[in-house]
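Chemist: For reference, the chains in residue letters:
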Amino acid sequence: MRVLRCADSALLVELADLPAVQALHGELRDSTPDGVLDLVPAARTLLLRLDPDRADPAAVERAVREVRVGERRGDDGGLLRVPVVYDGADLAEVAKLTGLTEREVVHEHTEHPWTVAFGGFAPGFGYLTGGSPKLAVPRRGESRTRVPAGAVGLAGEFSGVYPRESPGGWQLIGRTHLEIWRTDREPPALLRPGVRVRFEEVS
Amino acid sequence: MIEIVQPGPLATVQDLGRSGHAGIGVGVSGAADRSSLRLANRLVGNAEGAAAIETTFGGLLLRPDRDVTVAVTGADSPLTVDGRAEPVNTVLRVRAGASLRLGAPARGLRGYVAVRGGIDVEPVLGSRATDVLSGLGPPQLTAGTRLPVGPPPAEFPVVDQAPVRPVRDGDLELSVVLGPRADWFTEQAVSALLGEAFAASADLNRVGVRLDGPALPRARTEELPSEGMALGSLQVPPSGRPTLFLADHPVTGGYPVIAVVLAADVDRAAQARPGQRVRFRQVTPAKR
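Chain order of the listed sequences is G and F. Here the first sequence stands for residues 1 to 203, where the numbers follow this note's numbering. Here the second sequence stands for residues 1 to 288, where the numbers follow this note's numbering.
Rather than coming from a laboratory, the hints here were simulated on the basis of the structure. Ideal Cβ placement from N, Cα and C applies to all residues, glycine included. There may be inaccurate statements among the hints.
[As the list claims (entries may be wrong)] Quick partial rundown of chain F residues pointing at chain G, CB under 10 Å, derived from the structure:
1. SER19
2. GLY27
3. VAL132
4. GLY135
5. PRO180
[As the list claims (entries may be wrong)] Quick list of the computed label-pair ranges, beta carbon to beta carbon:
6. ALA59/G to VAL81/F: 41 to 51 Å
7. GLU173/F to ARG182/G: 55 to 65 Å
8. ARG81/G to ALA197/F: 53 to 63 Å
9. ALA264/F to PRO187/G: 27 to 37 Å
10. VAL159/F to ARG54/G: 22 to 32 Å
11. GLU222/F to GLY99/G: 42 to 52 Å
12. LYS134/G to PRO274/F: 48 to 58 Å
13. ALA98/F to ARG182/G: 35 to 45 Å
14. VAL85/G to ALA197/F: 50 to 60 Å
15. ARG146/G to VAL159/F: 47 to 57 Å
16. PRO274/F to GLU142/G: 23 to 33 Å
17. ASP67/F to GLU142/G: 50 to 60 Å
18. MET1/G to GLU222/F: 44 to 54 Å
19. GLY126/F to ARG81/G: 42 to 52 Å
Please work from the sequences and hints to get the whole structure.
Modeler: Dropping the structure here:
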């Protein structure tokens with residue numbers, strides 16, 4: 001573990017891998033050191049956002065180093081079933097890049113459960129990991145200026161669902177009618193870190 | 001109700017933002033210059049985090065439909081009520097139907113208009129702030145927007161005028177702490193950051209300020225896995241030209257951050273005008 005300071009605003013904790021990030025995130029969420037406003041998990045790091053008026057970065061760092069990560073394997077945020085129509089604009093391209101047929105891409109995407117590793121990019125956007133390694137594809141060479149809400153995409157080791165219309169560079173393989181982000185709902189995001197996701201094909 | 005007659009280039013409702021939602025991709029947002037928002041609220045007896053109007057380069061004209069108590073802080077703008085000049089950083093009574101006008105500031109960029117009782121729009125995820133990056137919160141103010149005012153707080157204004165160090169023009173000196181990814185840059189990049197002057201470019205908004213100046217070359221060129229970013233981060237994309245991130249910055253970023261501006265100086269950075277020169281001074285944060 002390496003703890004990097006971000007002036008008086010945050011600590012960036014560097015960890016070995018994503019499961020280590022998820023484990024530390026889980027522990028700190030249950031018992032948050034004084035002066036920590038927010039936790040931002042990512043692929044290899046956990047950012048602790050501090051209240052500069054209240055937090056003593058050195059004390060927070062000590063508290064982080066003293067955390068004993070228990071037996072928990074990440075967080076079980078429950079299972080979310082996501083119905084998908086697999087007619088995305090990049091489905092043929094993904095088949096070409098992976099050497100699979102389009103039907104095999106759909107099979108690989110639905111066969112394995114995914115887990116929301118972390119959020120980012122936009123409110124309600126979750127980076128899903130742990131699915132089929134056969135589906136690792138690069139981002140599109142050029143990002144689209146307009147990706148519709150509900151578009152299901154792939155990029156790198158991740159899958160994701162666009163929470164609202166936005167620009168985006170992921171390879172689009174399908175779409176869901178599930179409203180994965182609604183601010184008038186509690187919680188507003190369906191794809192929260194720790195939630196397991198099962199994609200299901202619908203026509 | 002307060003009617004916005006003219007919003008100026010960009011006027012939004014801001015408070016101290018949203019905390020606790022970063023894990024689902026929601027940033028803090030809130031006032032770009034938080035100390036000015038706090039001061040405006042204190043002057044009218046509000047809680048420090050009450051929602052107020054944030055203006056950009058003045059140009060605001062508003063009209064309340066009942067008598068209100070207001071305070072204007074932040075950028076040094078000419079202020080008039082029904083054409084009569086009034087000072088900023090004071091407590092003002094504005095009568096029903098009177099026009100409060102905030103002109104283009106002589107110094108600084110963003111002004112704050114707090115109304116006793118606070119702007120009482122519907123909160124989203126616990127905050128009334130407009131986040132221009134994520135689209136959360138109330139829409140930006142337009143001519144004809146009517147803003148509800150909340151009930152007056154129990155506290156009363158206790159001073160007439162706040163002794164405020166004025167927003168300065170000339171070079172802006174900002175204190176930074178190197179890191180978290182300073183080791184991704186060459187020594188020349190670090191000495192250029194700390195030794196040379198930059199200029200706030202015209203590419204500047206509530207998300208951040210792109211800086212013109214010496215390029216900051218990287219020592220490591222591999223891709224950085226996306227990671228959480230702090231307010232005040234100086235992120236350097238492949239072009240080598242840094243962006244200083246402000247209130248509506250993204251929750252995570254994929255380019256290395258060479259240094260972070262101290263929280264207190266982010267407020268001053270939020271008052272930088274296009275073309276204003278910026279220098280970075282290295283500090284080591286006080287140990288407690």
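Chemist: Take the hints in turn and mark each one as holding or not.
Modeler: Going through the hints against the structure:
1. SER19: holds (5 Å)
2. GLY27: Where the cut-off is 10 Å and the nearest Cβ of chain G is about 8 Å from GLY27/F, the hint holds.
3. VAL132: Result: violated, 13 Å to nearest chain G Cβ.
4. GLY135: holds (7 Å)
5. PRO180: Cβ of PRO180/F sits 4 Å from chain G, so the hint holds.
6. ALA59/G to VAL81/F: 41 to 51 Å: Distance hint for ALA59/G, VAL81/F holds at roughly 48 Å.
7. GLU173/F to ARG182/G: 55 to 65 Å: violated (44 Å)
8. ARG81/G to ALA197/F: 53 to 63 Å: About 56 Å separates the Cβ atoms of ARG81/G and ALA197/F, which means 53 to 63 Å holds.
9. ALA264/F to PRO187/G: 27 to 37 Å: Cβ of ALA264/F to Cβ of PRO187/G: about 33 Å, so the range 27 to 37 Å holds.
10. VAL159/F to ARG54/G: 22 to 32 Å: holds (26 Å)
11. GLU222/F to GLY99/G: 42 to 52 Å: violated (26 Å)
12. LYS134/G to PRO274/F: 48 to 58 Å: holds (49 Å)
13. ALA98/F to ARG182/G: 35 to 45 Å: holds (40 Å)
14. VAL85/G to ALA197/F: 50 to 60 Å: holds (55 Å)
15. ARG146/G to VAL159/F: 47 to 57 Å: Check passed, 51 Å falls within 47 to 57 Å.
16. PRO274/F to GLU142/G: 23 to 33 Å: At roughly 30 Å between Cβ atoms, GLU142/G and PRO274/F fall inside 23 to 33 Å, so the hint holds.
17. ASP67/F to GLU142/G: 50 to 60 Å: holds (56 Å)
18. MET1/G to GLU222/F: 44 to 54 Å: Since MET1/G and GLU222/F have Cβ atoms about 21 Å apart, the given range 44 to 54 Å is violated.
19. GLY126/F to ARG81/G: 42 to 52 Å: With Cβ atoms ~29 Å apart, the hint is violated.
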